[in-house]
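Chemist: Protein sequences, first through last, are from chains Y and W.
Numbering (this note's numbering) for the first sequence: 1 to 228.
Numbering (this note's numbering) for the second sequence: 1 to 223.
Simulated from the structure, these hints should not be mistaken for laboratory data.
Where is the CB? At the ideal position from N, CA and C, for every residue including glycine.
Keep in mind that the hints are not guaranteed to be accurate.
Said to hold, decoys possible - Computed far set for chain W versus chain Y, every beta-carbon distance over 10 Å:
{"id": "1", "residue": "M19"}
{"id": "2", "residue": "Q24"}
{"id": "3", "residue": "I26"}
{"id": "4", "residue": "R55"}
{"id": "5", "residue": "E63"}
Stated by the list, open to error - One side only, chain Y facing chain W, incomplete, derived with CB under 7 Å:
{"id": "6", "residue": "T62"}
{"id": "7", "residue": "F186"}
{"id": "8", "residue": "A190"}
{"id": "9", "residue": "F198"}
Said to hold, decoys possible - Just a sample of chain W residues kept apart from chain Y, beta carbon distances all over 12 Å, derived:
{"id": "10", "residue": "V38"}
{"id": "11", "residue": "F45"}
{"id": "12", "residue": "A178"}
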Amino acid sequence: MRQLAFSDFVILFNSIGITLALAAFGLIFGALLGAVIAMLRIAKFRVLRWLAMGYIRIFQGTPLMLQLFLIFFGTAFLGFPLDAFPSAILGFALYAGAFLGDIWRGAIETVPKGQTEAARALAMRYWPTMFKVIVPQAVRVSIPPTVGFVMVLLKSTSVAALVGVTELTQTGQHLNNVIYNPFAIFGAVALVYFAMCFPLTVLSRYLERRLVQQFNGSGIPRTSLLTD
Amino acid sequence: MLQYHFQFGDVWKYRDMLMGGLVQTIWISIITIVVSFVIAIVLVFARQYGPKWLRLLIATYVELIRNTPFLIQIFLIFFGLPLLGLRFDANTSGIIAMVANSVAYTLEILRAGIENVGRGQVEAGWALNLNNFRIFRLIVLPQAIRAVAVPLSTQFILVLLHSSLVAAIAASELMSTAQIVEARTFRSFEVYLVVLGLYLALSLVFSWILLALRRFTMRWPEA
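If we strip away everything but chain Y, and leave its shape as in the complex, we get (with noise of 0.2 Å):
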């Protein structure tokens, strides 16, 4: 069995760029789908409302290995087969709508209901009220348990690994598989992940001391811990 080497490491460290590419596309579609299913969520009509509630119930309730798989499995069933990179993306916008969905909702119902009769007052109509009154004001709630989901969603891109996703976590594995020595190796991939996670949980913290703290008082986050 040969040594571990220098190069190694630099294999590795090409790897890094599938694990950020899987966040960044994932967050990305996540966000749009998140955004609608916030839309829904608090939608006049019941029906819009539990449907957005089944689908966030759905992929919060169930393992997020268990949900690539299934895309994976399933779109290859329905007819259009995707290789396991653009099949991960779509997993990871699936889940990240649901978090987000679900982080947005909440975040906009911490802005006080006078705010939507003052609105309505000034015979304002639902979208004007939503996006010019609404929305601003919940947006300054929603940034820091926003970027925890980010890091969240950049810790879970190691799941891809199992649907066979050549990123990080699985390049670790490989190398592992060549050379024992799940210490150096596994601990390096650790330390990457630690580097871009870190930051993200410190500024999430920052954040939330900065915007919402000074309204809420306690020190327990008012939105979900599922994002945790």
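Here the structure of chain Y is known, so what remains is to put chain W in place on it, guided by the hints.
Modeler: Just chain W, lined up with the frame of chain Y:
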């Protein structure tokens, strides 16, 4: 579109195996929840009242666990512990990894609850000449747990969902059982759809039980 014919019959043949996996998942989740809750309570006391080096050590541990993927932690424990002369089977390694992970999250939630308890409560304890441990056990902890009961329940459900990841080291639970059934029947979509339903049902049942538990333990009026 949809020329595919679902065949759940093959999955049904393996129902006993899947039920076995389900029971395993419930079992390892409950062990993890109970053990990590107890350890987190002990550590959060040390984290708040211990000597400075110990506080720093625990805080570092929490940050390391919370900012790295669970899957990497599983690999480090499963492949790493044997090098230290500790040989465990996949199931034990899986549970050790789950506990190591859950302790960090539970501890952080408890800490948020503890910091939410008013300073006056602790001072009242001093006035009654209670020592730090008794103040913690009798005054601070009950109020802290009450304050963070909901995030704690969420964390416990996350333990259940994250338990699926120990399938990566072939520990026996629902997800790995599903993979075995898939390999035998080639009915991947059907198998995973059934297992998705099982996990969903399980997480709903868990959240109902936790809700009932919260209502039961907190039925007395607010202190």
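Chemist: State for each hint whether it applies.
Modeler: Now the hints, each set against the structure:
Listed as outside the interface, W:M19 is consistent with that label: its C-beta sits roughly 17 Å from the nearest C-beta of chain Y, beyond the 10 Å cut-off. The beta carbon of W:Q24 sits about 14 Å from the closest Cβ of chain Y, which is more than 10 Å, so the claim that it is off the interface holds. No Cβ of chain Y approaches the Cβ of W:I26 within 10 Å, the least distance being about 14 Å, so the stated non-interface status holds. For W:R55, the shortest C-beta to C-beta distance to chain Y comes to about 17 Å, beyond the 10 Å cut-off, and the non-interface label holds.
A cut-off of 10 Å between C-beta atoms contradicts the statement that W:E63 is not in contact with chain Y; the least separation is 7 Å. For Y:T62, the interface hint holds, the least distance from its beta-carbon to any beta-carbon of chain W being 5 Å, beneath 7 Å. Look at Y:F186: its Cβ gets to within about 5 Å of chain W, closer than 7 Å, so that hint holds up. A hinted interface residue such as Y:A190 counts as satisfied when its beta carbon comes closer than 7 Å to some beta carbon of chain W; here the least separation is about 5 Å, so the hint holds.
Here the hint on Y:F198 is kept, as its CB sits about 5 Å from the closest CB of chain W, short of 7 Å. Every Cβ of chain Y is farther than 12 Å from the Cβ of W:V38; the closest lies at roughly 20 Å, confirming the non-interface assignment. With 12 Å as the threshold on Cβ separation, the claim that W:F45 sits away from chain Y holds: the shortest Cβ distance comes to roughly 18 Å. A cut-off of 12 Å between C-beta atoms contradicts the statement that W:A178 is not in contact with chain Y; the least separation is 8 Å.
Checked against the numbered hints above, the structure breaks hints 5, 12 and satisfies the rest.
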